[in-house]
Amino acid sequence: AQKITQTQPGMFVQEKEAVTLDCTYDTSDPSYGLFWYKQPSSGEMIFLIYQGSYDQQNATEGRYSLNFQKARKSANLVISASQLGDSAMYFCAMREGELGNQFYFGTGTSLTVIP
Amino acid sequence: GAGVSQSPSNKVTEKGKDVELRCDPISGHTALYWYRQRLGQGLEFLIYFQGNSAPDKSGLPSDRFSAERTGESVSTLTIQRTQQEDSAVYLCASSPGRGLAGPLAKNIQYFGAGTRLSVL
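Order-wise, the sequence lines are chains F and U. Just so we're aligned, residue 3 is where the first sequence starts under this note's numbering, counting upward by one. Just so we're aligned, residue 95 is where the second sequence starts under this note's numbering, counting upward by one.
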C-alpha cells in the first residue's frame, strides 16, 4: 500500500481564494511526522509546514494550515488567500516512527492560481 | 553554509560516462538523503546516511549508483556508465537526524536546489 496518497494531480484556484490539497497516509506506528513541501518551477523543495502525530492542535504557518484528522489518516494542506506565487507542485510527506529517518513522499499536486 | 548546497547545478554528459554529484549539508545535520526526480514525477528515494552508521542503500536502482559520505559532511553520488534513463534532477536533503529523537523532534528535511543531469 502507498504510504502517502495525493489524489489530486492538478488543482486550480482563483487568486485570493482558499484551496485545500488532499493527503492521506498509511502507517501503524503511533509516532510519525507529516510534512508539506512546495516545489516551484525553479525546482527547489521548500518546507512549508509540519504536523506531529502527538500534536493536539492543527499546525499553522502564516497562510498555510494543516487540517489533521488522525482517525481518518488525512493531513490536508489549506492555503488561504491564494497568491499567484503559490502556483507550484505541492508534496505531502511522512516520517514514520519516533526514530524514523526515512521519509515517504506523495506524487504531488500541481496548483495553478488564476488571476 | 546556511542551506544545503549542491553542485553542479546542471550536468550534461554522454551516455557511458561517469558523473559525480556533490552535496554539502547544513552544518550539524547528521542525516543526509539523496532523491531522484524524473520530469513531472515525484521523489524517488535513493540512499540515506545517518551519522557514522551504515547507509540505507535500499533505493539505489542499480549497481551503477553509489554514494559516499565522510562523517557528517559532504556526500558524493556517483553514477557510472550513465544511461539516458538516468536523466533527472537529483535532490539532496539534510535533517538534524536521530540526535533529536522523541515526540517533539520534527526532523525536518531541508533540500538543496538539485542537480539537473542530462545524458545524451
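The set of hints was computed from the structure by calculation and includes no laboratory data. Computed from a prediction, not measured in an experiment: that's the story for all the values here. Mixed in with the good hints there might be a few duds.
Stated by the list, open to error - Partner residues are not named here, just some residues of chain U that face chain F (Cβ under 10 Å, in silico): (1) 159; (2) 200; (3) 203; (4) 205; (5) 210.
Unchecked claim - Once the Cα atoms are required to be at most 25 Å apart in a straight line, the calculated DSS-like pairs of lysine-lysine come out as: (6) F:5 <-> U:200; (7) U:200 <-> F:72; (8) U:200 <-> F:75.
The beta-carbon is built from N, C-alpha and C at its ideal position, and this holds for glycine as well.
Taking the hints in turn, this is what the structure says about them:
{"no.": "1", "hint": "159", "result": "violated, 17 Å"}
{"no.": "2", "hint": "200", "result": "holds, 5 Å"}
{"no.": "3", "hint": "203", "result": "holds, 6 Å"}
{"no.": "4", "hint": "205", "result": "holds, 4 Å"}
{"no.": "5", "hint": "210", "result": "holds, 7 Å"}
{"no.": "6", "hint": "F:5 <-> U:200", "result": "holds, 19 Å"}
{"no.": "7", "hint": "U:200 <-> F:72", "result": "holds, 17 Å"}
{"no.": "8", "hint": "U:200 <-> F:75", "result": "holds, 18 Å"}
In summary, the one numbered hint that this structure violates is 1.
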